[in-house]
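A.B. asks: In order, the protein sequences belong to chains R and V.
Counting in full-length UniProt numbering, the first sequence runs from 1 upward without gaps.
Counting in full-length UniProt numbering, the second sequence runs from 1 upward without gaps.
Possibly wrong hints are sitting among the right ones.
Unchecked claim - Footprint (simulated), chain R over chain V, 3 or more residues, beta carbon under 8 Å:
| id | region |
| --- | --- |
| 1 | 50-59 |
| 2 | 147-160 |
| 3 | 173-181 |
| 4 | 265-271 |
Said to hold, decoys possible - In silico negatives: residues of chain V with every beta carbon more than 10 Å from chain R:
| id | residue |
| --- | --- |
| 5 | LEU185 |
| 6 | ASP186 |
| 7 | LEU255 |
| 8 | GLU304 |
| 9 | THR315 |
Claimed, not checked - Over 10 Å on every C-beta distance to chain R, these chain V residues come out as not near it, computed from the model:
| id | residue |
| --- | --- |
| 10 | SER36 |
| 11 | LYS47 |
| 12 | ASN136 |
| 13 | ARG220 |
| 14 | ILE281 |
| 15 | GLU314 |
| 16 | LYS317 |
| 17 | ALA318 |
| 18 | LEU320 |
| 19 | LYS325 |
| 20 | GLN331 |
Read the hints as simulated data drawn from the structure, not as lab findings.
C-beta atoms are modelled at their ideal positions from N, C-alpha and C, and glycine is treated no differently.
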Amino acid sequence: MAPVLPLVLPLQPRIRLAQGLWLLSWLLALAGGLALLYSGHLLAQLWLLRTFLAPSCPFAALPQVALAAGLGALGTGLVGAGASRASLDAAQYPPWRKVLGPLLVLGTAGGGGLLILALGLALALPGSLDSALEDGLGTALAHYKDTEVPGHCHAKRLLDELQLRHHCCGRHGYKDWFGIQWVSSRYLDPNDQEVVDRIQSNVEGLYLIDGVPFSCCNPHSPRPCLQSRLSEPHAHPLFDPRQPNLNLWAQGCHGILVLLGLRYLQTALEGLEGVIDAEGDTRGYLFPNGLKDMLKTVWRQGGVAHRPAPEEAPPEEAPPEEGLPEA
Amino acid sequence: MALLKVKFDQMKRVKLAQGLWLMNWLSVLAGIVIFSLGLFLKIELRKRSEVMNNSESHFVPNSLIGMGVLSCVFNSLAGKICYDALDPAKYAKWKPWLKPYLAVCVLFNIALLLVTLCCFLMRGSLESTLAHGLKNGMKYYRDTDTPGRCFMKKTIDMLQIEFKCCGNNGFRDWFEIQWISNRYLDFSSKEVKDRIKSNVDGRYLVDGVPFSCCNPSSPRPCIQYQLTNNSAHYSYDHQTEELNLWVNGCRAALLNYYSSLMNSMGAVALLVWLFEVTITIGLRYLHTALESVSNPEDPECESEGWLLEKSVSETWKAFLESLKKLGKSNQVEAEGADAGQAPEAG
Chain R
1 MAPVLPLVLP
11 LQPRIRLAQG
21 LWLLSWLLAL
31 AGGLALLYSG
41 HLLAQLWLLR
51 TFLAPSCPFA
61 ALPQVALAAG
71 LGALGTGLVG
81 AGASRASLDA
91 AQYPPWRKVL
101 GPLLVLGTAG
111 GGGLLILALG
121 LALALPGSLD
131 SALEDGLGTA
141 LAHYKDTEVP
151 GHCHAKRLLD
161 ELQLRHHCCG
171 RHGYKDWFGI
181 QWVSSRYLDP
191 NDQEVVDRIQ
201 SNVEGLYLID
211 GVPFSCCNPH
221 SPRPCLQSRL
231 SEPHAHPLFD
241 PRQPNLNLWA
251 QGCHGILVLL
261 GLRYLQTALE
271 GLEGVIDAEG
281 DTRGYLFPNG
291 LKDMLKTVWR
301 QGGVAHRPAP
311 EEAPPEEAPP
321 EEGLPEA
Chain V
1 MALLKVKFDQ
11 MKRVKLAQGL
21 WLMNWLSVLA
31 GIVIFSLGLF
41 LKIELRKRSE
51 VMNNSESHFV
61 PNSLIGMGVL
71 SCVFNSLAGK
81 ICYDALDPAK
91 YAKWKPWLKP
101 YLAVCVLFNI
111 ALLLVTLCCF
121 LMRGSLESTL
131 AHGLKNGMKY
141 YRDTDTPGRC
151 FMKKTIDMLQ
161 IEFKCCGNNG
171 FRDWFEIQWI
181 SNRYLDFSSK
191 EVKDRIKSNV
201 DGRYLVDGVP
211 FSCCNPSSPR
221 PCIQYQLTNN
231 SAHYSYDHQT
241 EELNLWVNGC
251 RAALLNYYSS
261 LMNSMGAVAL
271 LVWLFEVTIT
281 IGLRYLHTAL
291 ESVSNPEDPE
301 CESEGWLLEK
311 SVSETWKAFL
321 ESLKKLGKSN
331 QVEAEGADAG
341 QAPEAG
């Protein structure tokens with residue numbers, strides 16, 4: 001079988017190659033570890049935001065694939081580091097020979113394949129993230145009042161905490177709250193004329209008000225928060241409509257969450273890019289046939305060194321000692 | 001009779017020195033940990049200095065930082081000494097310094113213990129600082145146009161949201177102060193005029209709280225105003241309503257936060273202190289073992305190590321004697337000087 005891309009390597013470059021491989025393997029393991037951490041973090045964030053993402057969107061697929069790719073990179077890196085370290089010592093190498101072949105195939109095909117899949121998902125998902133958040137936030141807003149309906153009872157608390165933490169109000173702005181009924185009918189007095197008027201004033205029989213929940217309030221406002229009767233300019237004394245409205249949060253939660261989601265995607269991608277580079281370099285160095293042959297020759301020469309040929313003996317003894325890196 | 005005598009042969013001495021060297025470097029890491037804990041506490045106190053009237057005491061974090069730095073310095077020095085202890089030539093240059101160094105170590109350990117105790121005891125002073133600071137903070141809540149106090153509203157709101165608390169001891173504290181600025185009151189309204197007339201100081205007091213007291217876990221939209229008036233809200237009873245607002249007072253919430261922080265730091269410092277005491281004892285044994293090597297030419301010989309050469313009471317007496325001698329020699333010198341001066345003058 002003719003070797004693919006044969007390289008002639010004397011002893012010194014072989015040692016340098018093994019050392020370089022050792023270093024690269026550790027870098028690959030490090031990149032894999034970082035990718036693992038990033039995807040874990042992203043999964044945790046998605047778990048917190050799951051109420052606001054439409055369940056039909058498989059948004060968790062990307063971090064899960066990145067998690068698998070990170071694990072693969074970590075494993076490949078660790079085994080590669082062990083193999084390169086062992087290759088410098090003739091006695092330690094033989095058990096690694098059986099491992100190295102399948103490892104190279106698995107690492108390259110499996111890891112590379114996972115990375116390509118992750119990249120594809122990363123490019124395709126932001127669009128679906130947008131629509132997933134749109135649907136998810138809409139559902140949460142609609143179920144804000146359903147604190148006693150099983151399955152939706154946490155929508156109010158989660159939406160309040162979201163608005164408080166991320167400094168946003170409604171989907172695209174505070175007026176989203178005017179279009180839905182966010183006060184539960186349990187707390188509406190059926191004998192109050194005002195309530196009856198409001199319910200009768202629209203087709204669906206919803207109690208709509210021009211007010212927002214307390215979580216939309218902006219603490220930076222110099223005056224105590226105005227939450228109700230926001231459409232009536234004369235309802236509140238000394239309310240100057242020309243002043244920039246610091247009263248409520250101006251941004252909608254949709255925009256902020258898309259920014260957050262995209263930022264996490266970007267950081268996850270950056271971690272994965274590092275893995276790609278290490279994989280690419282390693283792929284460049286590891287030629288299956290060539291490496292096996294040259295490592296076999298190293299082992300054979302190590303055995304020959306016990307009967308020293310005069311000109312070869314001193315350089316043989318010295319380099320393996322200096323070549324063994326302190327792991 | 002020596003205190004806690006232990007026999008050392010060559011092997012034991014070497015092992016002791018090696019073990020001490022390792023422990024000293026671990027202790028340097030522990031010193032770095034203490035330093036960073038002190039720094040973290042200092043930053044946390046600074047972050048909320050506004051609600052503590054900017055008068056909080058930084059004694060504990062400063063002393064933790066100092067102890068961390070001192071620990072790093074002393075332990076790296078001790079590590080060097082232990083490393084050299086195995087080589088008689090190198091050890092000879094450290095010999096005269098070792099006794100005063102051990103005395104300094106003992107003082108350092110005592111100081112570290114005091115700092116650890118302070119970590120646990122600072123709660124009391126923090127409580128009174130917080131009580132005053134929060135009271136003032138709430139008083140200045142409405143002064144958003146007064147320079148120097150304009151951020152108080154934002155600070156208190158963010159504090160109540162983050163720590164899930166309301167007011168100083170509870171939400172009723174807000175009923176006793178005017179937290180709505182006069183700029184936003186319509187003085188032509190009858191209701192406003194009535195309220196202002198109803199109390200001696202002419203303040204606009206409401207039975208309402210700011211929005212930051214609201215609890216997101218409440219099943220109904222937050223009720224902020226007319227909290228004591230059951231008829232103002234449908235199906236509302238202020239005696240039994242628990243989830244509407246945060247129940248905790250901010251003083252208790254902040255105090256719990258800082259107490260747990262300082263307790264855990266105190267626990268870590270206590271562990272480090274135990275470690276340091278072990279190192280000091282080990283160093284003392286090494287010192288005495290090397291001192292009592294009877295034949296300097298023969299490194300293999302046995303020697304004895306002890307903590308104190310005589311028993312505790314005898315050592316204490318000897319210490320007092322040496323102090324008295326020091327005092328007497330000063331006196332004699334002074335008298336001699338006077339006697340010398342008197343004939344000169346006379």
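A.B. asks: Now, for every hint given, state plainly whether the structure supports it.
C.D. replies: Hints, one by one, checked against the model:
no., hint, verdict
1, 50-59, "violated (count 0)"
2, 147-160, "holds (count 5)"
3, 173-181, "holds (count 3)"
4, 265-271, "violated (count 0)"
5, LEU185, "violated, 7 Å"
6, ASP186, "violated, 4 Å"
7, LEU255, "holds, 23 Å"
8, GLU304, "holds, 40 Å"
9, THR315, "holds, 48 Å"
10, SER36, "holds, 22 Å"
11, LYS47, "holds, 16 Å"
12, ASN136, "holds, 18 Å"
13, ARG220, "violated, 5 Å"
14, ILE281, "holds, 34 Å"
15, GLU314, "holds, 52 Å"
16, LYS317, "holds, 55 Å"
17, ALA318, "holds, 51 Å"
18, LEU320, "holds, 55 Å"
19, LYS325, "holds, 57 Å"
20, GLN331, "holds, 64 Å"
When each numbered hint is compared with the structure, violations occur for hints 1, 4, 5, 6, 13.
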